[in-house]
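Work out the full structure, taking the sequences as your base and the hints as a guide.
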Amino acid sequence: MENEMNLSTANHSITMNDRKTLTVTGVKKIDSFDNEEFLMNTTMGYIVIKGHGLEIIKLDTYQGNVSIKGTLDSLNYVEHASKKEESDNLFTKLFK
1230 MENEMNLSTA NHSITMNDRK TLTVTGVKKI DSFDNEEFLM NTTMGYIVIK GHGLEIIKLD
1290 TYQGNVSIKG TLDSLNYVEH ASKKEESDNL FTKLFK
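All residue numbers for the sequence shown refer to my numbering, where the first residue is 1230 and numbers rise by one.
Incorrect hints may have been included.
Between beta-carbon pairs, the in silico distance windows are [to be verified]:
1) His1241 x Ser1303: 26 to 36 Å
2) Asp1247 x His1309: 24 to 34 Å
3) Ile1285 x Asp1247: 23 to 33 Å
4) Val1277 x Lys1249: 10 to 20 Å
Bear in mind the hints are in silico, worked out from the structure with no lab data behind them. Every residue, glycine too, gets a C-beta built ideally from N, C-alpha and C.
This is the structure we're talking about:
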């Protein structure tokens, strides 16, 4: 998802039900996702969601809402989440 979502005045909230569904509001952009991890830029910073069998069940790009289902293991806010920084760090560690 290369284009940022349209957000006029987006509040950020997270609602989780039984560790099986998660709704996130205030999402600016989904940087990457697969069935085990989502990386999203929100109005309050980047969040990483980890679990098993994760999939998007609802995506509202106009309002910046994302709903995910699967087995949710963790949700963390991260300071800097750049793919370039992550790959640089990996190569730095490999070739030290």
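For each hint, the structure was consulted:
1. His1241 x Ser1303: 26 to 36 Å: Hint violated: Cβ distance 18 Å, outside 26 to 36 Å.
2. Asp1247 x His1309: 24 to 34 Å: Taking Cβ atoms as reference, Asp1247 and His1309 lie about 32 Å apart, which means the hint holds.
3. Ile1285 x Asp1247: 23 to 33 Å: 18 Å, violated
4. Val1277 x Lys1249: 10 to 20 Å: Holds - the Cβ-Cβ distance for Val1277 and Lys1249, about 18 Å, lies within 10 to 20 Å.
In this structure, the earlier hints numbered 1, 3 are contradicted, and the remaining ones agree with it.
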